[in-house]
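Asks: Residue strings, one per chain:
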Amino acid sequence: MGKTLLRKIWDLHTVRRLPTGQTQLFIGLHLIHEVTSPQAFDMLRRRGVHVAFPERTYATVDHIVPTLDQRRPFADELAEQMMAALETNCREFGIRFSDLGTDRQGIVHVIGPELGLTQPGMTIACGDSHTSTHGAFGAVAFGIGTSQVRDVLASQCLAIDPLKVRRIAVASALGPGVYAKDVILEIIARLGVRGGVGYAYEYGGPAVERMSMDERMTMCNMSIEGGARIGYVNPDETTFEYLAGRPFAPAGAAFDRARAWWRSMASDPDAAYDDVVELDGSAIEPRVTWGINPGQSVGVSERIPAPSDAGADGGAVGEALEFMDFTAGAPIAGTRVDVAFVGSCTNARLSDLREAARVVSGQRVAGHVRALVVPGSKDVRRAAEEEGLHEIFQAAGFEWRGAGCSMCLAMNPDRLHGREVCASSSNRNFKGRQGSPTGRTLLMSPAMVAAAAVAGEVTDVRGMLG
Amino acid sequence: MSTTDSSDRRIDRVAGTALPLRGNNIDTDRIIPARFLKAITFDGLGEHAFEDDRQSMRNHPFANPAYARASILVVNENFGSGSSREHAPQALKRRGIDACVGESFSEIFLGNATTIGLACATAAAPDVEFLMAAAERDPETPMVLSVDAQSIQAAGRTLALDMPVGVRESLLTGQWDATGLLLDDFDAVRRVAAGLPYAAGF
Ligand code: SF4
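Protein chains in written order, with our numbering: chain A, 823 to 1288; chain B, 2 to 203.
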């Protein structure tokens, strides 16, 4: 019986079995940012412990970064404090840092892959639940809390329990106007927001094999929204091609040796899975969330469910409808939006911006809609500008901002106000997520966000793509 | 470095009253909204636990003075889903919660809670309902949770609890703060690191 990629990577990185029964797992790449690391460094200082492998940690700043005026000190004193703490910690402990002043700053899950830090066969941890994104490269990548950030800094290891693997195979090709975002929203709707607890999700099948790295990252990114701490795709030629020439990727003969090893880390054809789920990619349509967790989505041609629907969790549907102030049975298309946000570690890479720009090109954002594009990194922003995407967005009435997390979680000045409804390419529609405790989020693909911005309401992007 | 003495950190028994919090999928954004993460310490998080829910929902249990001294939080399914912010269990712990009993927990939340010595155990749905009903009927209902026996006593009954082995062992041995344990055999760590193709430049 063959092994899965998860199993191979797990075995390779196992230091020992701890007396508690957990695995001591070595972490190949540790990424840190300003929100979940300061307390960890303080714990190290208090204990007089140093960073065991400083060269295996890499820092960036993303959550609190203002996307308009980035001059220091930041207008927000608390944000400035967090920024300064990260700078001090990186300097004191000898950690590389994509500071705001460099051209490598951006959302941690965008810059890791972009810089070639993220590679197949690695274990990757970061104090952020969307670390699952990096699994797109065939890495075992997962989010941790601050005390575990401390553990990784101190020992480059974690105490962790092993996971089962569920293979999710997506057959046939996706239709035009249908994206990785729609596939993952469909998967979460089908398996539920807690369906993945205890599992790593392995995504495969023809539709996934055909996806670009950007799309695979979107899929893996939202694994955690389905309860799976880890999501991954087996590395293949698409992966290797993406990595070639990246600043931290191996080069020359080392790249060839790396490629052979990376290939060997993929799941064996006869690998045993704990569970297998199959989906037909051609049956998926653009999806939109109508509720307060990412599992509450429907196809754009469908209606908002009712608490009494067969198979529905009536209490959860009722609570969501009450918060959203939506009517059961109403079509989701036509839902008025106030804000359109293209951004986040889920969907703010170059190809996402291209798709959104394709929709808004030559169009105007509806008069009542506030629309903004926040690139995932400085590099994405620069590349988009080279293609003139910023001009397309600005001509349509979008704001073109600096890189960061921005309105995905509103720790910077970008936020919803009051009851605003936001068409968002991000990953969480939790109550209050976008900065207003009563604000409402509709998750969808960047192309669907662009379509909603222009129409002023939720609309099927397939009618707008030539 | 040798393992720090963990004997004084052993967690077996949590005795106190319970705070019943109904609902599935209560995410960490609700436990502690992101704006309270704008800080470089965990200080003061306790008073902001469920800040927005307390404002928007009348009778939220975290706003009810009858539960102000409760130390056992009782929840339903998938508690602590969403963000990996340790601020969530930190806020609960600083609010006086020493243990959580629920139908299920998100994995990251469970890991974070364990690393700060907040004991989480699962119970069957009818048992969770029994505990919630007891605490709702009388907020002063005493409860005793035993990590070792994996049980909780309340209102004349002893109910079975479940915990992953690693979590239970970490609490019972006081090694839930894993740093010392992970540094115990650093030679083994170095050996694994040296055997990684990517660490050796391929
Ligand atoms: S973009 Fe959103 S989800 Fe991604 S790391 Fe930033 S805050 Fe977290």
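Incorrect hints may appear among the rest.
Said to hold, decoys possible - Quick look at which bits of chain A chain B covers, simulated, 3 or more residues with Cβ under 8 Å:
| # | stretch |
| --- | --- |
| 1 | 829–839 |
| 2 | 915–922 |
| 3 | 1079–1086 |
| 4 | 1170–1183 |
| 5 | 1197–1206 |
| 6 | 1219–1226 |
| 7 | 1248–1262 |
Hints were generated in silico from the structure; no laboratory data involved. Virtual Cβ for every residue (Gly too), placed ideally from N, Cα, C.
Asks: How about the stretch 1197–1206 of chain A: do at least three of its residues have a C-beta closer than 8 Å to a C-beta of chain B?
Replies: violated (count 0)
Asks: Would you check chain B against the stretch 1219–1226 of chain A, counting CB to CB pairs closer than 8 Å, and say if three or more residues qualify?
Replies: It is violated: at least three residues are needed, and the stretch 1219–1226 of chain A offers just 0 whose Cβ sits closer than 8 Å to chain B.
Asks: With a C-beta cutoff of 8 Å, work out whether three or more residues of the stretch 1248–1262 of chain A approach chain B closely enough for the coverage to hold.
Replies: holds (count 8)
Asks: Are there three or more residues in the stretch 829–839 of chain A whose C-beta lies closer than 8 Å to some C-beta of chain B?
Replies: holds (count 5)
Asks: Holds or violated: the stretch 1079–1086 of chain A covered by chain B, criterion of 3 or more residues with Cβ-Cβ distance under 8 Å?
Replies: This one holds; 3 residues, not fewer than the three required, reach chain B with a Cβ under 8 Å.
Asks: Residue count check for the stretch 915–922 of chain A against chain B: does it reach three with CB-CB under 8 Å?
Replies: With 0 residues close enough to chain B, the hint is violated.
Asks: Report holds or violated for chain B covering the stretch 1170–1183 of chain A, Cβ cut-off 8 Å, minimum 3 residues.
Replies: violated (count 0)
Hint violations for this structure: numbers 2, 4, 5 and 6, all remaining hints satisfied.
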